[in-house]
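Given the structure of chain W, go ahead and fit chain U onto it with the hints provided.
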Amino acid sequence: MANPTAEWEKVGDKFYRKTQLYTAVFDQDLELENYIVTGCSYGGAIALYRDESKLHSFRGTQASKSSIDLYSCAGKLIRRINWDKGSIKGLGWSEDEKLIVVTADGTVRCYYDLQGDFTQFSLGNGADEYGVESCRFYGHGFVTLLSNNHLISVSRYEEPRPKLLAMPPEGNVHSWTLIPPAYTLSRSVEVLLSIGQTIYVVDATESEDRMLDIGPFTHISVSPNGKFVALYTESGRAYVITSDFQNRLSEHDSRSKISPKNVQWCGNDAVVIAWEDEVHIIGPNDAAAKYFYDGRVHLIADHDGVRLITNDVCEFLQKVPEVTDEVFRFGTESPASILLDAVEQLEQQSPKADDNIQLIRPNLVEAVDTCVKAAGHEFSIHWQKQLLKAASFGKSVLDIYNSDDFVDMCETLRVLNAVRFYEIGIPLSYEQFLRLTPENLVRRLINRREYLLALRISTYLRLPTDRIYVHWASQKVRVGSEDEDTICRLIVDKLAGKRGISFEEIARAAYDEGRGRLATELLNHEPRAGKQVPLLLNMEEDEIALDKAIQSGDSDLILFVLLQLKKKLPLASFFRVINSRPTATALVESSAQTDDGELLKDLYYQDDRRVDGANVFVREALKQPDSRAAIDKLALATKLLSDSKDTSFELKALQEASALLKMQEAFDRDLTETFTGLSVNETMFKLIKLGYQSRAKKIQSEFKVPEKITWWIRYALSPSSLLTITNEPLLHSLRALVSKRDWAELESLSSTRKSPIGWEPFFNLILAAGNPKLASVFIPKAAGGLESAVLIEMWEKCGMRVKAAEEAVKARDVAAVDRLREAAGQGTAEGREIERLGAGLKR
Amino acid sequence: MAPHAGFDTDQVKDKARKDILYLLEGVRGKKNLVIETALAGPIGLFVKFSTLQDYGVDKVFLLENGNADVSQRNVVFIARGECAKHAQSIADHIKRMQRESQTGHEFSIFWVPRRTLVAEKILEESGVLGDTSIAEFPLYFLPLEKDLLSLELEDSFADLYLRKDPTPTFLLARALMLIQQKHGLFPRITGKGDNAKRLADLLARMRQELIAGEDSNESNKLGLTPSTTIESLIVIDREVDSATPLLTQLTYEGLIDEVVGIQHNQADVDSSVVGAAPQPAPGSSKAVGGAPAPAQAKKRQIMLDSSDKLYHQLRDTNFAIVGSLLNKVARRLQTDYDSRHGSKTTAELREFVNKLPGYQAEQQSLKIHTGLAEDIMKHTRTDQFGRLLEVQQNLAAGADPSSQHEAIEELIARDAPLAEVLRIMCLESCISGGIKPRDLESFKKMILQAYGYQHILTLDALEKLQLLLSRTSPMATMIPMTGGASHHHTGTKTNYTYLRKALRLIVDEVNEHDPNDIAYVYSGYAPLSVRLVQCILQKQHLTSITRGGNANAAVATGGASQGWRGFEEVVKHVCGQTFDEVQKGEDKAVKARALLTGSGEKKTVFVVFLGGITFTEIAALRFIAKQEEARKEIIICTTSIISGNRIMDAAIERSTLGKSGV
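Residue numbers (UniProt numbering), protein chains in the order written: chain W, 1 to 843; chain U, 1 to 662.
With the rest of the complex left out, here is chain W (with noise of 0.2 Å):
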């Protein structure tokens, strides 16, 4: 087996390694040089496509039929998408691996799953009439440079809502490039734009010079951690400096006269340029290590290193990790590296081994756990064995050790080597894997349609396997051969019993795909409203759709329904479904009463409900601005009322209402006051105030209003009102009468023989206006009902304890008088003269 170190080249202090991937990848017929290659993270899928702004030899109409062709690391077509939607000014990737493709006229093409499916949508702001220049991508985002040097910012693929950044200022842009949101200040995403000798730095919100005078620039690139920016100029130097634009790191020259065609980040210490068959890579310090190639080498960057690719070979360029280098490198006796040589050594079956071990014995556990290490970042299969027995071969010297990471790499490297199989081509390196975590490994996996091994792997790293069914089964309807019942009993078979299944999404394939019976009854299966709500909607099965809308008890999705209905069907067949859904009429009910009145009219005519749609018009005639509208408006109300007997109630109390507006029309008219919008009793009151007799007489025998109630309401204040006092006595105002403090007549009121309401309301509120005096006249009057105690509380309360202690003793209530007495105290007049009126009592 080659020595591990053969590949390595020392950049400055660091060693770098280049590791063969795939041989063969591309078919030598395959011109690389006249394609655009562009490659997802993580290893991912390839797209190539034919550089427009190239010549190419003319291979008979077959050939010409442009497209973009989707290759895995090694070579494999997964898909040829076929194009003809213009000129492509930006192609890329996302993170998920979705395949973003930017046309000139600003269209954005979104292929979601690597089979072709895709989301479109446009990018607007002037993108059409100026035409887009350029695209650069990241994570889940893309920004866009149009030919006036405007810059679009897309920041996600659902729902996008492109957005102009700052405006750069005019001028040629040498090269641009972008720091993502995730290592901005700012949280947005900074444009860094070459334009002249400087660099000018874009977000949102504000375009600013950096002021740098050695550009103008071929090629800027931003490290994976956003820290860093390398810069290359015309004259072929570069520059490293932190991103931002505070320190300058390094400084290379290139000795170049030729431009290259590319200049990336190798991890975040180093950088790679290329030309069309040569790289170097460049550290810190100007120390450069170079490459050179057959034919023209293409960069592909990811996290940790650079992926090369040519007709022949698909590479892999990184730092040597850390604990790789203290493992393999030349001469070095690090305690892995003696341990790793203890296991070969014990293969040859020689006794030093164990003097290996002894030599380690104090770092036993540190050899241990690099070993492991170790064969998680190696791509070679012999040698993560070989490392993996060594830490086993440690690990059972040792008397206690932790096995959790040793256990964890073992299933990690089966699950990498799976996936870098050549027929999958997913080049993942451990680093990588644990950045796009396991369940994003198996979304890429089911968009290959590897369900076997996305199944496998998900079930060996207990992953949940539903998505994998569900692709599955989706799969199965598009494209499935069977009659429909088969395939429904086929996947139902497949996926019963199966946790987190979505057979919403199975459904919408088979709708998608014209199965209409199929997705009805897919869908029966699906447990959740929110999902079966929409689809259900699509496919017209409107009923249905709002019935599982009900029974999930969310009323947006209940309403969204409604509205959809409401907008589609007849006024009649709309209210014949809901009659029979009270939640619904309910809903519609209290959406409507705000801002649909006619609709309401209509629900309730149809149903009969009388007294709700006279209702509709009372409210109606509450808007009204004056007093003739409203009476119009009652009118309606009371028609809708007029023939049933059980509203007799309701229609009385109409008819009043219109009356009373009537008459107060005519008093504001007669009266110069206003009346409008007063109660019946207020009316009278106000009346009586003004000394409107008659005409509050008029009130209470048109309205009937019962003389308990008149006697409350008419003590008016004014003089006038006082003269009728003296002809009716029992009919005035007590109310009235008190807020005048008339005195004088109130108590003449006391003479009088009877009152509907008794006395003790004169007492009270003659004694709440602060005449404690004359209501104590009062009480006498009203003793008739009430019980002593009562009585000893209103004398006391005029303050009259003396009268008090009467009644007291009349009720034989010695407590009481007691009491009394105590409160009057014991040497005043008071105390002694009820402390006499109770001596009788308690003899």
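Keep in mind that the hints were calculated from the coordinates and are not lab data.
The structure displayed is predicted, hence computed values, not measured ones.
Think of the CB as a built atom: it goes at the ideal place given N, C-alpha and C, for glycine as much as any other residue.
Keep in mind that the hints are not guaranteed to be accurate.
When the alpha-carbon atoms are kept at most 27 Å apart in a straight line, the in silico BS3-like pairs for lysine-lysine are as follows [what the hints assert, rightly or not]:
(1) U:K539 x W:K645
(2) U:K121 x W:K567
(3) W:K566 x U:K85
(4) W:K639 x U:K445
(5) W:K567 x U:K95
(6) U:K445 x W:K704
(7) W:K163 x U:K121
(8) U:K298 x U:K309
(9) U:K95 x W:K163
(10) U:K445 x W:K662
(11) U:K539 x U:K584
(12) U:K164 x W:K623
(13) W:K566 x W:K601
(14) W:K567 x U:K85
Just the calculated beta-carbon pair ranges, DEER-fashion [unchecked claim]:
(15) U:N516 x W:R576: 31 to 41 Å
(16) W:K639 x U:R438: 21 to 31 Å
(17) W:Q593 x U:P138: 52 to 62 Å
(18) U:N354 x W:D209: 47 to 57 Å
(19) W:R478 x U:Q208: 24 to 34 Å
(20) W:Q593 x U:L333: 51 to 61 Å
(21) U:Q208 x W:E513: 55 to 65 Å
(22) W:L398 x U:Q53: 56 to 66 Å
(23) U:G26 x W:G171: 23 to 33 Å
(24) W:R609 x U:R438: 19 to 29 Å
(25) W:E251 x U:D58: 42 to 52 Å
(26) W:D646 x U:K572: 29 to 39 Å
(27) U:P138 x W:E598: 34 to 44 Å
(28) U:P138 x W:E276: 49 to 59 Å
Stretch-level coverage of chain W by chain U, calculated; a stretch enters the list once three of its residues show a Cβ under 8 Å from a Cβ in chain U [to be verified]:
(29) 181 to 194
(30) 452 to 458
The following block gives chain U in isolation, referenced to the frame of chain W:
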């Protein structure tokens, strides 16, 4: 995952704060906020205005005012997604701003608590959807106190019972689901009432949907096993006991709510009552919603929560003893303060000076509460208040309703506040199975004549709420007493006559100073809703007091919750469905969770009042919580805080005939 301790309301608050700040941070640069009025108060509870300013907020406008200006490029709308009205008004705003200003504005909408299809449809139809970036601000429960979570849905009562709109139930289920996802399933769900049952069904459904959801990763699965820190969930539908909130609340907090009104822990009080605000506005009262309102210049907003130690002490006591408590505090404060004369050494003096800010805060709060208590006293001493209370208590105690009619008529004639009058009428209807048709008709007529014919709508709404019904109405009939096999007489309404005895709702000898029963909150009436909770949590205690045993007997709970056991018969006389469900998980998962979180000795019980809870009921629940302190912790959840007046507000028509817009 770190083993999470039990449920803590502060986490909810922190999360809400983090959520909104994160969202605001996402909008770069200075921005103007346009907030729905009903959200301004709640947001002010967990984030201060100064913090918002730190996050680039320049001005705050209220959505309903429609006056947001175009001074900033970024405009952020915050509104409830459930309400189509707000979507329309946001769309109008955006269109107006785009017309008025040349700068290309960036519009963001944060929907609370979720984005809805309907709102987005409206934005789409108005042609502004493409101009906005939309985010969700998942603010469900708002922690009003450490033991009190509210959705603060002001209209939830009207939505549920007047308009039969299930939105509050759905949102409550969502909110509870979030708790379950974090802390595990409620091992047991017990409840009463039709809407409560619907809530439980929704929870079961959402659990299924969550399992079906694609993101079923490990942490979610853990969330779907029964919790080891939560004992159970108790759901009480407001409908099962409509009478309680109609009674006047008699705790200090309850009375403040009745007289002044409390909203989101804040009350606007006349500054003549509590004194003007001290110079630097206290706490967060100058919070988000602080849109200057010159008309209310005389009002002062005071914060009513447990950060005020004095208030914490007073809030749940019967108002009758508040005066003497205040007195005691005043005297203690005086002695403390006078102690400075006794301090001889400089060290003692320094100690005193260190305590000074504390004294000052206490004094400030004492001043506020003395003023407030006096003001309320003024109200409670009125003849009218006494009359109202008397009628209410007579009705609650089961007096012949017709004996109270004269008093009601008098109140109407004397122009007592409409809400109060209606409350009494509704109380009679609820407690005695409707009002006699003739009496009801004459009452209605009197109401219309005294308060205006617009109340045709009010009366209709009350009937729809099933609060004011005629005795002939089938909906008013009470559930018949058991034994009486009269099949022709099947009612559906809560039978207070039966329950008054069976659950001892009337307790005559309440000691307000040192209460021994929840009845102290209404000075002699124990709220049925809370008695039902006691049926589950305090079985022995309740048995002992209903059977006339010694109320002070050891308060023991029969082990873990046992649902309604022992009270099945009683519960039959309360309206609505009864349920008691156990949520199980896979044994393995249960063990794993137990291992991970450890089974704490003290478990949490969530008591949910669907449709609203009054402050008195909260006080009563806290009273129970205090008794059960050693064994469990009670967290109260609700859709909103309600009171009799707020219930009436749902029905009362505000406009008058012939004078629109007045």
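Right, here's what the structure says about each hint:
A threshold of 27 Å between alpha carbons decides the hint, and for K539 (chain U) with K645 (chain W) the separation of about 51 Å lies outside it, so the pair is violated. Taken as a hint, the K121 (chain U) and K567 (chain W) pair is honoured in the structure, with Cα atoms around 13 Å apart against an allowance of 27 Å. Distance restraint check for K566 (chain W) and K85 (chain U): the Cα-Cα separation of roughly 18 Å lies within the 27 Å cut-off, and the hinted pair is therefore satisfied. Proposed proximity of K639 (chain W) and K445 (chain U) is supported: the alpha carbons are some 20 Å apart, at most 27 Å.
For the hint linking K567 (chain W) to K95 (chain U), the alpha-carbon distance of about 24 Å falls within 27 Å, and the restraint holds. Restraint check for K445 (chain U) and K704 (chain W): the C-alpha separation of about 10 Å stays at or below 27 Å, so the hint holds. Of the pairs offered as hints, the one joining K163 (chain W) and K121 (chain U) holds, with about 22 Å between alpha carbons and a cut-off of 27 Å not exceeded. Between K298 (chain U) and K309 (chain U) the CA atoms are separated by roughly 26 Å; this keeps the pair inside 27 Å, and the hint holds.
Among the hinted pairs, K95 (chain U) with K163 (chain W) is consistent with the structure: their alpha-carbon atoms are about 18 Å apart, no more than 27 Å. The suggested pairing of K445 (chain U) with K662 (chain W) holds, with an alpha-carbon distance near 19 Å, which does not exceed 27 Å. Restraint check for K539 (chain U) and K584 (chain U): satisfied, since their Cα atoms lie roughly 24 Å apart, inside the 27 Å limit. Between K164 (chain U) and K623 (chain W) the CA atoms are separated by roughly 25 Å; this keeps the pair inside 27 Å, and the hint holds.
With a C-alpha separation of about 15 Å, the suggested pair K566 (chain W) and K601 (chain W) falls inside the 27 Å cut-off, and the hint holds. A threshold of 27 Å between alpha carbons decides the hint, and for K567 (chain W) with K85 (chain U) the separation of about 19 Å falls inside it, so the pair holds. A hinted range of 31 to 41 Å is violated for the C-beta pair N516 (chain U) and R576 (chain W), which are about 60 Å apart. Restraint check, K639 (chain W) to R438 (chain U): a C-beta distance of roughly 28 Å satisfies the suggested window 21 to 31 Å.
At about 29 Å, the CB distance of Q593 (chain W) to P138 (chain U) disagrees with the hint of 52 to 62 Å. The hint said 47 to 57 Å for the Cβ distance between N354 (chain U) and D209 (chain W), and at roughly 56 Å that hint holds. For the pair R478 (chain W) and Q208 (chain U), the beta carbons lie near 28 Å from each other, so the given range of 24 to 34 Å is met. Remark: the range hint 51 to 61 Å for Q593 (chain W) to L333 (chain U) is upheld by a beta-carbon distance near 53 Å.
Evaluation of the 55 to 65 Å hint for Q208 (chain U) and E513 (chain W) yields a failure: the beta carbon distance comes to about 28 Å. The beta-carbon spacing between L398 (chain W) and Q53 (chain U), approximately 59 Å, falls within the hinted interval of 56 to 66 Å. In this structure, G26 (chain U) and G171 (chain W) meet the distance hint of 23 to 33 Å, their C-beta atoms being roughly 32 Å apart. Our hint of 19 to 29 Å for R609 (chain W) and R438 (chain U) holds, since their Cβ atoms are close to 25 Å apart.
Distance hint check for E251 (chain W) and D58 (chain U): the Cβ-Cβ separation is about 45 Å, which falls inside the suggested range of 42 to 52 Å. Restraint check, D646 (chain W) to K572 (chain U): a C-beta distance of roughly 32 Å satisfies the suggested window 29 to 39 Å. Range check, P138 (chain U) to E598 (chain W): Cβ separation about 37 Å, and the 34 to 44 Å hint holds. Range check, P138 (chain U) to E276 (chain W): Cβ separation about 54 Å, and the 49 to 59 Å hint holds.
Closer than 8 Å: that is the beta-carbon criterion, and the region 181 to 194 of chain W has 3 residues meeting it against chain U, so the requirement of 3 holds. For the region 452 to 458 of chain W, the assignment as covered by chain U is violated, since 0 residues bring a beta-carbon within under 8 Å of that chain's beta-carbons and 3 are needed.
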